[in-house]
Amino acid sequence: MMNKNIWAAMAFAAGAVCLAPQAAMAGKSNDTLTWATASEVDTIDLYYQNLREVVIMAHQMCDTLMHRDPRTGEYKPLLAESFKWVDDKTLEFKLRHGVKFHNGKELNAEDVAYTFNHARKPDSGVVTRLLVDWIENVEVVSPDTVRFKAKAPTPAAIEYLSGITPVYPKGHYDNAPSVPGAAGKMRRDYGAVVPMCTGPYKVKEFKPGSSVTLVKNTDYFKDSPKGQPSIGTLVYRTIPDTETQVAELVTGGLDWIWGVPPENAKQLASMENVTVKAAPTTRISFLSLDAAGRSGDTPMKKQQVREAIAYAIDRKAISHDLVGEGSEPLVSMCYPAQFGCSTDVKDYPYNPQKAKDLLKEAGFPDGFEIPLYAYRDRPYTEAVANYLRAVGIKTDLRFLQWKALRGPLQEGKVAMAHLSWGSQGVLDASASVSNYFEGSVDDYARDEEVKKWLDAADSTIDPNKRKELYGKALKKIADKAYFVPLFSYGRTYAFNKELDIPVTPDELAHFYLAKWK
Amino acid sequence: MLRFLVRRLLMTVLVVAVTSVVAFSLVHLSGDPAAAMAGEGASPADVESVRKTYGFDRPLPEQYVTWLKRVFEGDFGRSHYLRASVAQVLADHAPITITLGALAIAFAVLLSIPLGVLAALYPNTLVDRLAVGLAVGGQAVPSFLFALLLIYIFGVTLRVLPISGSGSWAHFVLPAIALGYYATPAIMRLTRSGMLDALQSDHVRTARAYGLPAWRVIIKHALRHAMIPVVSLIAVQLGFMLGGSIVIETVFALKGVGYLAWQSIQRSDIEVIQAILLLIAAAYALLTLAADVLNGAIDPRIRVG
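Protein chains in written order, with my numbering: chain L, 6 to 522; chain P, 15 to 319.
In short, the hints are calculated from the structure, not lab data.
Check the hints yourself; a few may be wrong.
[To be verified] Quick partial rundown of chain P residues pointing at chain L, CB under 8 angstroms, derived from the structure:
id, residue
1, 53
2, 95
3, 97
4, 139
5, 143
6, 164
7, 165
8, 170
9, 264
10, 265
11, 266
12, 273
[Claimed, not checked] Computed list of lysine-lysine pairs in DSSO-like fashion (alpha-carbon distance at most 27 angstroms, straight line):
id, chain 1, residue 1, chain 2, residue 2
13, L, 502, L, 271
14, L, 481, L, 456
15, P, 83, L, 190
16, L, 209, L, 190
17, L, 351, L, 321
18, L, 221, L, 175
19, L, 361, L, 351
20, P, 234, L, 190
21, P, 66, L, 418
22, L, 126, P, 66
23, L, 365, L, 306
24, L, 209, L, 520
We treat Cβ as the ideally placed atom computed from N, Cα and C, and that holds for glycine.
Isolated chain P (complex conformation):
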């Protein structure tokens, strides 16, 4: 188990490091950051002075190494646009994204797993079709459109939920549904196919033959078995919810990390972009690691392989 952990951990570090180098180069390739910061009305002299002030005149590798050194000292730098340390900026934005991501994945799990189980219990019936249809709708409808539909129904017509901002728990209901719905089809279908396999397996048949109650067979014997791949998927989807909520955060005016990333790219706020990418890559990698470990715990065969 220890070797397995160490190997996975090393992979995680490698993924994060590569992401950071690629991101750093991409930001610089996408245009002159000094020009972006100086703005449209700036004279060449203004742009030059910005370049000097922020050190963009030095060679790229040198800029990268300087940045990396400071990160190892725990200093993520400073957002030139928001006039605060990157750590402060992230501390302001991260709770919103984490809350949103957690609620969204909770919504997705609570919706898709029962649907998946239901579909597997009555395969190729109307129940199955309805369940699949409901879940696949999440993939078919673009998230911004679904979000606007939610705003129209619950915010404008019924007026029961707030439309924008993050002032209270109620503010997170619509965004969490909009974001979570997108993750349902994958989880639901994997649950369904896993359950179908599990229900036909020998040990479930044996459990049934023992005369155990149907719900116990389904939940304890079949579902537990079917959940192994689903757990990995949920972890990956959670990473996706944390890193990919730009559209939802924009539509609902939530000042989260995804929105911050998008804005920072437009402003060439390099140190913020770098920190976010590092953070998201790390979150992704750690979640995958957690899923591997969890699966290793559920199924000892994985640890060996």
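Here chain L stands alone, though its shape is the one from the complex:
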């Protein structure tokens, strides 16, 4: 009898241990901000992983030569004290004194030169080449002065050096592991080195694919334009399912999530412990039309057909009703907050009758059939297909993964595609419109005049001249309806009501600006 009771008691105790709710890891009470997204993070080195999550982490851990204030958009020197263009291709930085890496070493010009001379090398394996490909060489002038030599005049350099190109200490990658590459050869895995930075937070623990823990850098330099960090610990977790993220947020297991779908946003906003806010992002959605006839003799070669497509789609309705808060309809082939992105171009307001008339003029009174390729956000593509069907254009939707679509698209085999582009977060029109109209594999217009203007705009230092050139190019792109810009993506953020954090239009979270209320 005694025996039985002991067993029962033990079973009960075991059950109680199992069932006891875990002490919540998140929240104000233990000064820990826990945030989660669906991505698995393999490395937290921004040069080797351009996931938005890693960009966010880099902003907390690392500093860059320049800083773009996320609230005002103003560029301020960060690791630099000042900068000047010595000539069209030479950019000189004076470095700030007394800045220390998390290992205690003081920052100097050697570190800056080392970082960028590593990254610029074609075999460095850096993922976002755009940010470093412009660099010919970086030279140390004196311990606190460093010079960037550009391959060509690069007005966007200041943008490239703001927030997205962290500075590491000299020799940072020396201990990168060698791993087996192709054909039995070994290669260096630089991305496996945990970043050593100067930023407001330092790495405490990194579990690839699962979590990243950062703690406040109490030695952060006093006059940083980023300010001083307030919250003690930042924990990042991967939670793949949105519903699960929402459940964790509501019950206090998480403090911050993003990408809340419109159908959940309203419901969440009504919760008393959650704040929901939407903000725009740099990702734009558009139709790529084969005006140049790269894929053969398709209806897309006719301007009236392309105009008809532009008139046929109700961009406002898709943007506001389907994509949701934070999204805006677009008229121009760039993100409006980018430098040089002129929106003073021909607009094609929703007008299905006009679209039908134009199709008739073009010789397609009964419309036509055409394959429509897409790879992202199927519901948005289906909405586009429905609008096109309404004016007689029957699309055969071919929804592929990016890795399957890329080949045919860049080989010039796709007459019509619904694409999106995030400009790699760069707030300069050279990262958007130039990507598609400068004669690259993605250029389906092949307009020499547009290409000439864009080439000039990308390599002119004078800001006013640049604006004028981008304006001309964007105007012609709209007039000819080469591509059909649709909408910019928004993001909905949801967070603990006790958290005071600015929601910014750069698709990032600046936790170093966050405080508990």
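Please arrange chain P on chain L, whose structure you already have, making use of the hints.
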């Protein structure tokens, strides 16, 4: 018995080999792995360099043979995404899936066998209908929905169980129920029909006539007989739990093998996909083999046939 074992073992090896070849070709057919790895913003030159670095430029059969050779040397390769050896990656993910699978099948067995017995003892009564209804519910409700319901009830409303992650035993309770519930209808119905047959068989009637206690007749004579097909089914279901827990692992943020497989397919992390498929195919085949052997032990007639 030995010949039986050898034959089954050879079949197992064959199944695993075929799976591996098919999987290898499918991964390559689903799109350019170099493009997937290089990402959306990559230039053609970037993609080319990725192709060279990882050897995707070589002919497929050559890539396959290279891979196979290394597997025989015990080297499963390296995850290009997670920056670790595949063996390490699997060692990190497998315990979670094995724990989840074992708990899920335990839950399924503990729920469905008593239900099956109960239903067979009172056939076509309210008890039978309730038992069948409870079990079939597992098949009718999609697992992601059932999982979210569990989260809503126990995680959000009652707040007695953690919702996501794998930090403690408590983290496995909801996922194991969600996953195991899916296996209950099949096991329950097979138990029920097996028991119905067994209860009407001569030897059970004889046992009853001897005046043995009812529970002894049910458990020792009837259930044992009814369990033969059920054992095979449980083994197959366990294979299914181990290989098919992608949805459950995703919903509960468990970093298991199913979730890893799904992520790796999206990332074209070929060596990881290959290793997982090999592992799951092997687990499936071995479990089937184990079931065959077990059945052979329970019922000698199977060994001959």
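Hint-by-hint comparison with the structure:
A least Cβ separation of about 7 angstroms between residue 53/P and chain L falls short of the 8 angstroms threshold, and the interface hint therefore holds. For residue 95/P, the shortest C-beta to C-beta distance to chain L is roughly 5 angstroms, which falls under 8 angstroms, so the interface hint holds. Taking 8 angstroms as the C-beta cut-off, the interface hint given for residue 97/P holds, the closest approach to chain L being about 5 angstroms. Annotation: interface hint on residue 139/P violated; nearest CB of chain L at approximately 32 angstroms, more than 8 angstroms.
Taken as an interface hint, residue 143/P does not check out: its beta carbon lies about 31 angstroms from the nearest beta carbon of chain L, beyond 8 angstroms. With a least beta-carbon distance of about 10 angstroms to chain L, the hint placing residue 164/P at the interface is violated under the 8 angstroms criterion. Because the smallest distance between the Cβ of residue 165/P and any Cβ of chain L comes to about 5 angstroms, under 8 angstroms, the interface hint for this residue holds. Annotation: interface hint on residue 170/P holds; nearest CB of chain L at approximately 5 angstroms, less than 8 angstroms.
Nearest Cβ of chain L to the Cβ of residue 264/P: about 5 angstroms, under the 8 angstroms cut. The hint holds. A least Cβ separation of about 5 angstroms between residue 265/P and chain L falls short of the 8 angstroms threshold, and the interface hint therefore holds. About 7 angstroms separates the beta-carbon of residue 266/P from the nearest beta-carbon of chain L, less than 8 angstroms, and the hint is met. Taken as an interface hint, residue 273/P checks out: its beta carbon lies about 7 angstroms from the nearest beta carbon of chain L, inside 8 angstroms.
Between the alpha carbons of residue 502/L and residue 271/L the distance comes to roughly 15 angstroms, so the proposed pair stays at or under 27 angstroms and holds. For the hint linking residue 481/L to residue 456/L, the alpha-carbon distance of about 11 angstroms falls within 27 angstroms, and the restraint holds. Only pairs whose Cα atoms come within 27 angstroms are accepted, and residue 83/P paired with residue 190/L is accepted, the gap being roughly 16 angstroms. For the hint linking residue 209/L to residue 190/L, the alpha-carbon distance of about 34 angstroms lies beyond 27 angstroms, and the restraint is violated.
A distance of roughly 16 angstroms separates the Cα atoms of residue 351/L and residue 321/L; the hinted pair therefore holds under the 27 angstroms criterion. The hinted pair formed by residue 221/L and residue 175/L meets the criterion: a straight-line CA distance of about 23 angstroms does not exceed 27 angstroms. The straight-line distance between the Cα atoms of residue 361/L and residue 351/L is roughly 19 angstroms, inside the 27 angstroms bound, and the hint therefore holds. Of the pairs offered as hints, the one joining residue 234/P and residue 190/L is violated, with about 63 angstroms between alpha carbons and a cut-off of 27 angstroms exceeded.
Proximity of residue 66/P to residue 418/L is assessed by CA-CA distance (about 24 angstroms); at most 27 angstroms being required, the pair is judged to hold. A C-alpha spacing of about 17 angstroms is found between residue 126/L and residue 66/P, which places the hinted pair at or below 27 angstroms, so the restraint holds. Between residue 365/L and residue 306/L the alpha-carbon distance is near 15 angstroms, which keeps this suggested pair within the 27 angstroms criterion. Distance hint between residue 209/L and residue 520/L is fulfilled; the C-alpha atoms sit about 20 angstroms from each other, no more than 27 angstroms.
When each numbered hint is compared with the structure, violations occur for hints 4, 5, 6, 16, 20.
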